[in-house]
Amino acid sequence: MLKKARITVAFLISTQLVGCVNLGVQPWERDLLAKKEMALDSEGIDLGLDDHIYFSKEATSGGRAFAGGGCGCN
Amino acid sequence: MQLIYKNALTNKMRKTANVNAALAAATCTLLGTSAVVQADEGVWEMDAALLYYGETERVTAVEGVFSAKKDFGDEHLFSTKITADSLTGASASGAVAQPNAQTYTRPSGKGQYVVATGEVPLDDTFHDTRAQLESQWTQPLWNDMRGSTGVHLSKEYDYLSIAVNGSFAKDFNQKNTTVSAGLSLAYDTIDPEGGRPVAFSEMVIDEGQFANEEAYQAAFDATRQTGTDDKTTVDLMFGMTQIINRRMLMQFNYGLSMSDGYHTDPFKVLSVVNDQGLTQSLVHEDRPTERTRHNFYWQTKYALDVGVADVSYRYATDDWDVSSHTIDSRFRFNLSDITYIQPHFRYYQQSAAEFYQPFLIEGTTLPTFATADYRLGEMTAYTLGIKYGMKMPSGNEWAFRLEYYQQDPKNAGFDEPGALKQLDLYPSVKAVIAQVSYSF
Amino acid sequence: MSTGYFTIVKKGDHMMGRFSAMASPCELLMETQDPLLANYLTSLAYKETKRIEQKFSRYLPNNPMANINHSMGKAVAIDAETFRLLEFANSCFELSDSMFDMTSGVLRQAWKFDGSDNVPPPEAVQALMPYIGWKKVKYNQSSITLIKGMELDFGGIGKEYAVDCVANMCTEYAPKTSVVVNFGGDIQVTRARHNSQPWYIGVESPEDDDKNTTHTLKIISGGLATSGDARRYLLKDGKRYSHILNPKTGYPIEKVSRSVTLAAPHCIQAGLLATLALLKGSDAEVFLEQQDVKFWCYR
Numbered sequence: 003m004l005k006k007a008r009i010t011v012a013f014l015i016s017t018q019l020v021g022c023v024n025l026g027v028q029p030w031e032r033d034l035l036a037k038k039e040m041a042l043d044s045e046g047i048d049l050g051l052d053d054h055i056y057f058s059k060e061a062t063s064g065g066r067a068f069a070g071g072g073c074g075c076n
Numbered sequence: 004m005q006l007i008y009k010n011a012l013t014n015k016m017r018k019t020a021n022v023n024a025a026l027a028a029a030t031c032t033l034l035g036t037s038a039v040v041q042a043d044e045g046v047w048e049m050d051a052a053l054l055y056y057g058e059t060e061r062v063t064a065v066e067g068v069f070s071a072k073k074d075f076g077d078e079h080l081f082s083t084k085i086t087a088d089s090l091t092g093a094s095a096s097g098a099v100a101q102p103n104a105q106t107y108t109r110p111s112g113k114g115q116y117v118v119a120t121g122e123v124p125l126d127d128t129f130h131d132t133r134a135q136l137e138s139q140w141t142q143p144l145w146n147d148m149r150g151s152t153g154v155h156l157s158k159e160y161d162y163l164s165i166a167v168n169g170s171f172a173k174d175f176n177q178k179n180t181t182v183s184a185g186l187s188l189a190y191d192t193i194d195p196e197g198g199r200p201v202a203f204s205e206m207v208i209d210e211g212q213f214a215n216e217e218a219y220q221a222a223f224d225a226t227r228q229t230g231t232d233d234k235t236t237v238d239l240m241f242g243m244t245q246i247i248n249r250r251m252l253m254q255f256n257y258g259l260s261m262s263d264g265y266h267t268d269p270f271k272v273l274s275v276v277n278d279q280g281l282t283q284s285l286v287h288e289d290r291p292t293e294r295t296r297h298n299f300y301w302q303t304k305y306a307l308d309v310g311v312a313d314v315s316y317r318y319a320t321d322d323w324d325v326s327s328h329t330i331d332s333r334f335r336f337n338l339s340d341i342t343y344i345q346p347h348f349r350y351y352q353q354s355a356a357e358f359y360q361p362f363l364i365e366g367t368t369l370p371t372f373a374t375a376d377y378r379l380g381e382m383t384a385y386t387l388g389i390k391y392g393m394k395m396p397s398g399n400e401w402a403f404r405l406e407y408y409q410q411d412p413k414n415a416g417f418d419e420p421g422a423l424k425q426l427d428l429y430p431s432v433k434a435v436i437a438q439v440s441y442s443f
Numbered sequence: 364m365s366t367g368y369f370t371i372v373k374k375g376d377h378m379m380g381r382f383s384a385m386a387s388p389c390e391l392l393m394e395t396q397d398p399l400l401a402n403y404l405t406s407l408a409y410k411e412t413k414r415i416e417q418k419f420s421r422y423l424p425n426n427p428m429a430n431i432n433h434s435m436g437k438a439v440a441i442d443a444e445t446f447r448l449l450e451f452a453n454s455c456f457e458l459s460d461s462m463f464d465m466t467s468g469v470l471r472q473a474w475k476f477d478g479s480d481n482v483p484p485p486e487a488v489q490a491l492m493p494y495i496g497w498k499k500v501k502y503n504q505s506s507i508t509l510i511k512g513m514e515l516d517f518g519g520i521g522k523e524y525a526v527d528c529v530a531n532m533c534t535e536y537a538p539k540t541s542v543v544v545n546f547g548g549d550i551q552v553t554r555a556r557h558n559s560q561p562w563y564i565g566v567e568s569p570e571d572d573d574k575n576t577t578h579t580l581k582i583i584s585g586g587l588a589t590s591g592d593a594r595r596y597l598l599k600d601g602k603r604y605s606h607i608l609n610p611k612t613g614y615p616i617e618k619v620s621r622s623v624t625l626a627a628p629h630c631i632q633a634g635l636l637a638t639l640a641l642l643k644g645s646d647a648e649v650f651l652e653q654q655d656v657k658f659w660c661y662r
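Chains as they are written, first to last, in the working numbering: chain G, 3 to 76; chain D, 4 to 443; chain Z, 364 to 662.
Keep in mind the hints are simulated off the structure, nothing from the lab.
Hints may contain errors.
To be verified - Some chain Z residues flagged as far from chain D (calculated, every beta-carbon gap over 10 Å):
no., residue
1, Ala429
2, Asn430
3, Asp442
4, Pro485
5, Ala487
6, Tyr524
7, Ala627
Unchecked claim - Within a straight-line C-alpha distance of at most 20 Å, the following computed EDC-like cross-link-like pairs (lysine to aspartate or glutamate) qualify:
no., chain 1, residue 1, chain 2, residue 2
8, Z, Lys418, Z, Glu444
9, D, Lys394, G, Glu31
10, Z, Lys373, Z, Glu416
11, Z, Lys599, Z, Glu444
12, Z, Lys539, D, Glu78
13, D, Lys178, Z, Glu535
14, G, Lys5, D, Asp308
15, G, Lys38, D, Glu78
16, G, Lys37, D, Glu48
Beta carbons: idealized from backbone N, C-alpha and C, even for Gly.
Using the sequences provided together with the hints, build the complete structure.
What follows is the structure, given as structure tokens:
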């Protein structure tokens with residue numbers, strides 16, 4: 003019961019944020035955001051390696067990417 | 004006035020002392036730009052990395068990755084990655100420590116191992132090599148909508164995993180908001196050496212009670228199921244990326260993962276102890292055949308004047324009753340135009356699965372499912388690391404990463420009978436991670 | 364729209380910003396319909412161009428260039444940007460067998476290329492030769508020392524350098540917008556237009572400015588520069604003296620092409636290669652042919 007409530011709350015919080023249409027920048031204000039290190043996948047190799055380590059040593063996986071790990075290490 | 008000479012680009016062999024090439028290099032140094040070819044034309048961006056993972060006295064792993072990406076123009080992107088890893092060393096079998104030396108059978112049935120007094124039993128025959136290949140293709144579809152699809156293949160000695168994925172992403176609000184939805188289907192098969200154990204069957208240990216080798220083998224085989232088993236996983240992911248202001252962007256993901264099939268670890272056991280805490284026998288574990296997981300993920304990236312701050316929080320919960328919180332943060336400090344340093348801190352906390360128990364008590368009813376695998380128990384873990392990166396004059400980049408990862412399993416509320424009270428049933432696992440990467 | 368410094372004009376499928384700097388008409392063609400973006404990029408371009416002009420112009424008193432040229436033989440402190448340009452000039456000096464020499468500017472005291480027949484007497488030219496010679500310049504990352512009477516002249520690369528700097532700036536602030544930076548024929552296109560359409564650039568005929576353009580080039584991205592002696596020369600006894608001077612002799616190079624137009628990834632690279640070609644006199648075409656670049660040569 004409590005768990006269901008928790009999931010619902012988390013869901014609602016996430017959907018509220020879709021209403022943030024006033025946030026953002028003009029095309030010419032993207033100087034800092036365009037830097038390579040600001041990309042969400044900028045350290046893809048490191049993140050992939052870390053995901054693999056934590057998938058095999060912990061019970062939770064996913065979040066940033068699909069949860070299915072696809073290896074026998076857990 | 005007439006045009007005397009007009010030259011079209013030909014494929015002639017370059018003569019020696021090509022002034023243009025030298026001038027191109029001098030220009031790059033002056034303007035601080037990288038190689039001649041415009042990104043639009045599509046160069047392969049490649050990354051290679053080698054990682055070493057070493058626990059004190061337990062598992063050691065070496066993993067190598069090579070990835071290549073190319074933009075074929077007009078946002079048609081292809082990326083591929085090949086990974087190979089090799090594990091050796093010992094990992095906890097799930098049995099509890101005992102005040103006297105114990106002997107165990109290896110999971111494959113061949114040979115035994117002895118555990119010293121008071122130590123957590125580790126099975127050290129664990130070594131495996133794995134190879135993985137994945138590829139992803141992304142391209143624009145209709146107005147502001149992108150599609151992506153990919154495959155994933157992983158093979159090791161006793162485990163095969165195949166997965167396909169597909170997703171859509173759409174931009175809104177002058178590309179300040181991006182909403183995406185994705186689906187992944189995975190099919191795994193497992194065929195461990197020695198066969199999969201029958202749930203809760205006793206581990207057969209040769210203490211001299213068998214007449215000969217065949218008798219031992221027969222007894223061992225009786226605890227095994229033949230054939231392979233499999234597991235299918237369906238993953239759904241919904242995400243939103245939002246630019247907040249000139250310096251900050253955020254991402255929110257919700258993931259739903261449902262898996263059906265064989266979830267048990269064929270190499271893990273539970274100790275059956277009496278009321279003195281002494282082990283009477285060892286039985287193989289058993290996990291449910293279904294699992295549904297929910298994941299909520301939030302990440303923020305902030306552009307500082309000196310670098311980038313990256314913080315994320317993940318909350319996960321599932322129907323095995325495991326719920327976890329993860330905080331992951333990285334702070335990049337640019338030391339110069341071409342070097343940077345990036346400290347990393349991660350904190351993880353999980354609650355125990357409902358069928359987790361550190362051992363079984365003799366005489367009590369066998370539960371439907373049970374595991375003593377500490378990775379499904381209550382634990383906190385933290386990682387502290389540092390990364391150093393430097394860019395070469397050629398534009399290629401080296402990076403070095405060193406991290407310390409410690410897991411602290413905890414007692415999820417189980418009484419410890421007799422001798423077990425004096426022993427450390429929840430030892431910490433400490434590991435060092437070292438990585439070298441090269442981008443070119 | 365126009366401020367006192369630059370104007371913005373809407374043109375069909377793109378917008379154009381215009382201003383005057385470095386003794387040239389300067390244009391910025393931007394593939395956008397957004398007047399705010401066009402205004403912002405043009406103002407950035409104007410500020411950057413003026414900055415470079417103020418810093419490296421030979422004609423202004425008390426700017427870094429004046430400090431170097433009037434240093435009377437003493438060492439003068441320089442910044443990172445000046446050092447990079449000196450290193451570049453050094454590379455060009457070596458690549459051209461010492462023909463590209465930034466110290467040869469003093470020869471303008473003897474040679475005035477106004478289309479007249481005022482060829483200077485040999486003594487006037489010889490008197491200036493001791494003050495020419497890149498090898499006599501001593502510099503390092505933090506300072507430069509010239510012999511008293513020597514001068515540096517960034518005129519040969521200043522405009523192309525400004526074009527590349529402005530193009531870099533446009534790429535940084537508007538990475539998804541295709542921009543053509545055109546300072547009097549020295550051009551850099553930051554990136555391909557949407558649908559990979561080219562920009563159409565007219566290359567003027569060297570003979571007569573009134574005539575219509577004889578040649579239209581299509582550029583998708585990269586740099587384009589034109590070098591030539593079309594407007595500056597002396598004519599005496601039927602002999603044409605081009606304004607491309609040989610720093611080793613002090614006299615104009617013979618049989619210089621009227622104009623060379625060249626394409627290269629960066630404007631300054633195109634401009635330098637064109638200059639190096641002109642320095643080869645009659646061998647310009649052979650030299651360019653060897654470099655495996657796209658070029659157009661008029662005589």
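Here is what the structure says about each hint:
In this structure Z/Ala429 is separated from chain D by more than 10 Å, as the shortest Cβ-Cβ distance comes to about 23 Å. Distance check on Z/Asn430: its Cβ is at least 21 Å (rounded) from any Cβ of chain D, clearing the 10 Å threshold; non-interface status holds. Distance to chain D confirms Z/Asp442 as a non-interface residue, since its nearest Cβ pair spans about 14 Å, more than 10 Å. With 10 Å as the threshold on Cβ separation, the claim that Z/Pro485 sits away from chain D holds: the shortest Cβ distance comes to roughly 32 Å.
Every CB of chain D lies more than 10 Å from the CB of Z/Ala487, the least distance being 32 Å, so the non-interface label holds. Z/Tyr524, annotated as away from the interface, has a beta carbon of chain D within 10 Å; the closest lies near 8 Å. Separation of Z/Ala627 from chain D is inadequate, the least Cβ-Cβ distance of about 7 Å not exceeding the 10 Å criterion. For the suggested pair Z/Lys418 and Z/Glu444, the alpha carbons sit about 10 Å apart, so the restraint of at most 20 Å is met.
For the given pair, D/Lys394 sits about 26 Å from G/Glu31 by alpha-carbon distance, which is inconsistent with the 20 Å threshold. Among the hinted pairs, Z/Lys373 with Z/Glu416 is inconsistent with the structure: their alpha-carbon atoms are about 27 Å apart, more than 20 Å. With a CA separation close to 42 Å, the supplied pair Z/Lys599 and Z/Glu444 exceeds the 20 Å bound. Using a Cα cut-off of 20 Å, the hinted pair Z/Lys539 and D/Glu78 holds, with the two alpha carbons roughly 12 Å apart.
A hinted pair counts as satisfied when its Cα atoms are at most 20 Å apart, and D/Lys178 with Z/Glu535 qualifies at roughly 17 Å. With a CA separation close to 42 Å, the supplied pair G/Lys5 and D/Asp308 exceeds the 20 Å bound. A hinted pair counts as satisfied when its Cα atoms are at most 20 Å apart, and G/Lys38 with D/Glu78 qualifies at roughly 16 Å. Between G/Lys37 and D/Glu48 the alpha-carbon distance is near 16 Å, which keeps this suggested pair within the 20 Å criterion.
Violation of the numbered hints given earlier is confined to hints 6, 7, 9, 10, 11 and 14; the remaining hints are satisfied by the structure.
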